[in-house]
Amino acid sequence: ILNVEQSPQSLHVQEGDSTNFTCSFPSSNFYALHWYRWETAKSPEALFVMTLNGDEKKKGRISATLNTKEGYSYLYIKGSQPEDSATYLCAFDNNDMRFGAGTRLTVKP
Amino acid sequence: KAGVTQTPRYLIKTRGQQVTLSCSPISGHRSVSWYQQTPGQGLQFLFEYFSETQRNKGNFPGRFSGRQFSNSRSEMNVSTLELGDSALYLCASSLDPFIGTDTQYFGPGTRLTVL
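Protein chains in written order, with our numbering: chain A, -16 to 92; chain B, 7 to 121.
Hints listed in this document are in silico derivations from the structure and should not be mistaken for laboratory results.
Incorrect hints may have been included.
Label-pair distances were calculated between CB atoms; the ranges are [unchecked claim]:
id, chain 1, residue 1, chain 2, residue 2, range
1, B, L121, A, G43, 36 to 46 Å
2, B, L121, A, G37, 15 to 25 Å
3, A, K41, B, S85, 42 to 52 Å
4, B, S28, A, R44, 35 to 45 Å
5, B, T107, A, G43, 44 to 54 Å
6, A, R44, B, T107, 32 to 42 Å
7, A, N(-14), B, F104, 23 to 33 Å
8, A, K91, B, F104, 24 to 34 Å
9, A, Q(-3), B, F104, 37 to 47 Å
10, A, N36, B, R69, 37 to 47 Å
11, A, Q64, B, K19, 23 to 33 Å
12, A, T89, B, G68, 37 to 47 Å
13, B, G106, A, S(-7), 28 to 38 Å
14, A, K61, B, P67, 16 to 26 Å
Even for Gly, the Cβ is constructed at its ideal location relative to N, Cα and C.
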C-alpha cells in the first residue's frame, strides 16, 4: 500500500451502537500513526498518536489499536453518541504526514 | 494557552494574483506544518518548518512557498494563483517533530477562493 486508505468512507449508526473504522498504511518505514476527529466548522482534534506495534490507546469511549507489521489500525467507538458525529482521519507519519480521506460518521439520536 | 491562530480566515483573490497566509503556533511549539484541503482530495501535506528551516516538503509546485520566523510564526505564500488553488489551508503546530509521540494541533484554517 503506497497511500493511506480508510474504510468505510461513511457510516450511519444509531445512538448506542458500537462501531469501528479501519486505516491501512504502508508497512515499511513506519514512524507513527495519528488519529484525528474533525467536526464540521472546527479544526481537526488529535485523538491518538501510536508508535509501537501492538499499541492500544483509549480515551473515554474511543479506543485504537495498531498493527505496524501488516499496516493497519482500527478505531473503535463504544456506545456512539450524536456528539461523536464527525470525520475521523488517520495520518501516517513518516517524516511527512500522509492523511487518509477519512471516515464520516453520523450518529442518529 | 492560546491555540493555533491563522489569518486571515477568508480570502478572495483572482487568478494570477499572489497571496500570503499567516500562522501563529501555540506558545513553545517550534514546528509548523501546512496542509491544503480540497473536496475529494483530503488533507495534502505542503511543507513543515522547524526552527526556521524547511524540514519537509510535499508534492506541490514551486508557486507554493513558506517561511518561519524566529518566534516560530510561519507564513505561506502562493504566487500566480490558479483556480485549482481554491481550498482550505490549515496549519498545525507541534513541540518537536523528532519526538515519536509529537502531536500536531491544528488552527481554524484560511478559506481561499480564487476567481
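B:S28 versus A:R44 beta-carbon gap, inside 35 to 45 Å or not: holds, 37 Å
Beta-carbon spacing of A:K61 to B:P67 - inside the hinted bounds 16 to 26 Å or not: Hint violated: Cβ distance 45 Å, outside 16 to 26 Å.
B:L121 paired with A:G37, Cβ distance criterion 15 to 25 Å: violated, 51 Å
Range hint 44 to 54 Å (beta carbons of B:T107 and A:G43) holds or violated: The hinted range 44 to 54 Å is violated for B:T107 and A:G43, with Cβ atoms some 19 Å apart.
Cβ separation of B:G106 and A:S(-7), checked against the hinted range 28 to 38 Å: holds, 31 Å
Satisfaction of the hinted span 37 to 47 Å by the C-beta atoms belonging to A:N36 and B:R69: Given a distance of about 40 Å, which is inside 37 to 47 Å, the answer is holds.
Distance restraint hint 42 to 52 Å, applied to the beta-carbon atoms of A:K41 and B:S85: holds, 46 Å
Cβ separation of A:N(-14) and B:F104, checked against the hinted range 23 to 33 Å: holds, 25 Å
Whether the CB-CB distance between B:L121 and A:G43 falls inside 36 to 46 Å: holds, 44 Å
Verdict for A:T89, B:G68 (Cβ pair) under range 37 to 47 Å: holds, 40 Å
A:Q(-3) paired with B:F104, Cβ distance criterion 37 to 47 Å: holds, 44 Å
Cβ distance range 23 to 33 Å for A:Q64 and B:K19, holds or violated: violated, 41 Å
Hints 2, 5, 6, 8, 11, 14 from the earlier list are contradicted by this structure; the remaining hints agree with it.
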